[in-house]
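Participant: Input sequences plus hints: build the corresponding full structure.
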Amino acid sequence: MERTNMDNIDTKLYGNKHLDIAYGNHADQKMDLYLPENGTGPYPVLIFLHGGAFMFGDKQDFQVRPFLKGLERGYGVISANYRLAVETKYPEPLFDVKAVVAWVKEKGREFGLDGQRIALVGESAGAYYAVMAAATQNRREFDGSNPPDTVVQAVVDLYGPTDFTMMKPHFEESDVKPLGLDDLGDLSPEEVLLGASYEQILGLFRFSNPILYVDENMPPILIQHGKMDGVVPYQQSTILAEAIKKQGGKNEVTLELFDEFEHADPAFETDEKIDRIFRFLDKHLK
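Numbering of the sequence shown is given in full-length UniProt numbering, commencing with residue 1 and proceeding in unit increments.
Hint data in this document are derived by calculation from the structure and do not stem from the laboratory. Check each hint, because a few of them may be wrong.
In the DSSO-like style, the derived pairs of lysine-lysine whose C-alpha atoms are separated by at most 30 angstroms in a straight line are [stated by the list, open to error]:
(1) K89 with K105
(2) K30 with K12
(3) K107 with K286
(4) K283 with K69
(5) K286 with K245
(6) K168 with K105
(7) K89 with K177
(8) K107 with K89
(9) K168 with K107
(10) K227 with K69
(11) K286 with K30
(12) K12 with K107
(13) K168 with K246
(14) K12 with K69
Facilitator: Structure (structure tokens):
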């Protein structure tokens, strides 16, 4: 199927790259790797996960463009496809993200990557997978009885959902009108992901919430969200930050809310905001 109708980046602008690397056997288990023009590594790794309501998007969507600035800062940047909800159901896309992390740790050295310095960065649905993968890293129920190493050192969550059971209540308590997707009928994106309505599978909705799995092993996380978000209410980020803080210990969470920002607002991509993200990553990966 056509994965995207968004504008794509021009990959020809990046000289040191490896496109369509397979990290699994499925046709959609592909990723693009971009490397700095100078240096030999091993480089810290930024794994970018695109948004798209769980059903759309591609590794070469324009969303990755701001994060390719990491090349100038000495990062290897991976933009990964994961299987979309119109073709498969949860938790298969989550397993894809974990497989990308495992690939970096097992094979990344061949490309000059440091498998002990990895960050997951995601927007919207991609942020959900980034947080969920980090919260469940090396858990037997998600990685099997002999799990590969899926530990990451940092996460950047840009306006991702964290508790599907609270989406409707959060919208009801805010003044922001939720924006629907016309082609979904009566289903929400998260219901498409899970394969049934909220009422039919409440237990699975809870099972799929990142907030349920936050513990003392959660890596440092930077969360950014706009208060005018009509797709994912900003309270989804506040409850995640609160859950992480309650764990205490060495857990580090930084929550940044922006009063006028909407969902996927271009204001998130200003040089100032992107530099803020890389300063966070530099702190934990360099």
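Participant: Within a Cα-Cα threshold of 30 angstroms, do K12 and K107 meet the stated pairing?
Facilitator: Roughly 25 angstroms between the alpha carbons, so the hint for K12 and K107 holds.
Participant: Take a quick look at whether K286 and K245 sit within 30 angstroms of each other, Cα to Cα.
Facilitator: Measuring from Cα to Cα gives roughly 24 angstroms; hence the hint holds.
Participant: Given the hinted pair K30 and K12, is their alpha-carbon gap at most 30 angstroms?
Facilitator: holds, 18 angstroms
Participant: With a cut-off of 30 angstroms on the C-alpha distance, tell me whether K168 and K246 pass.
Facilitator: Holds, because 24 angstroms separates the two Cα atoms, which is no more than 30 angstroms.
Participant: Are the Cα positions of K168 and K105 separated by 30 angstroms at most?
Facilitator: violated, 38 angstroms
Participant: Would you check the hint for K286 and K30, treating anything up to 30 angstroms between C-alpha atoms as holding?
Facilitator: holds, 27 angstroms
Participant: Given the hint that K168 pairs with K107, test it: the Cα-Cα distance must not exceed 30 angstroms.
Facilitator: Status violated; Cα separation ~42 angstroms.
Participant: Below or equal to 30 angstroms on CA atoms is what counts here, so check K227 against K69.
Facilitator: holds, 26 angstroms
Participant: K12 and K69: Cα distance at most 30 angstroms?
Facilitator: holds, 15 angstroms
Participant: Can the restraint linking K89 and K105 be considered satisfied, given a maximum Cα separation of 30 angstroms?
Facilitator: holds, 26 angstroms
Participant: Checking one constraint from the list: CA of K283 to CA of K69, max 30 angstroms. Satisfied?
Facilitator: holds, 17 angstroms
Participant: Sort out whether K89 lies within 30 angstroms of K107, counting only the CA atoms.
Facilitator: holds, 27 angstroms
In summary, the structure is inconsistent with hints 6 and 9 from the numbered list given earlier, while agreeing with the others.
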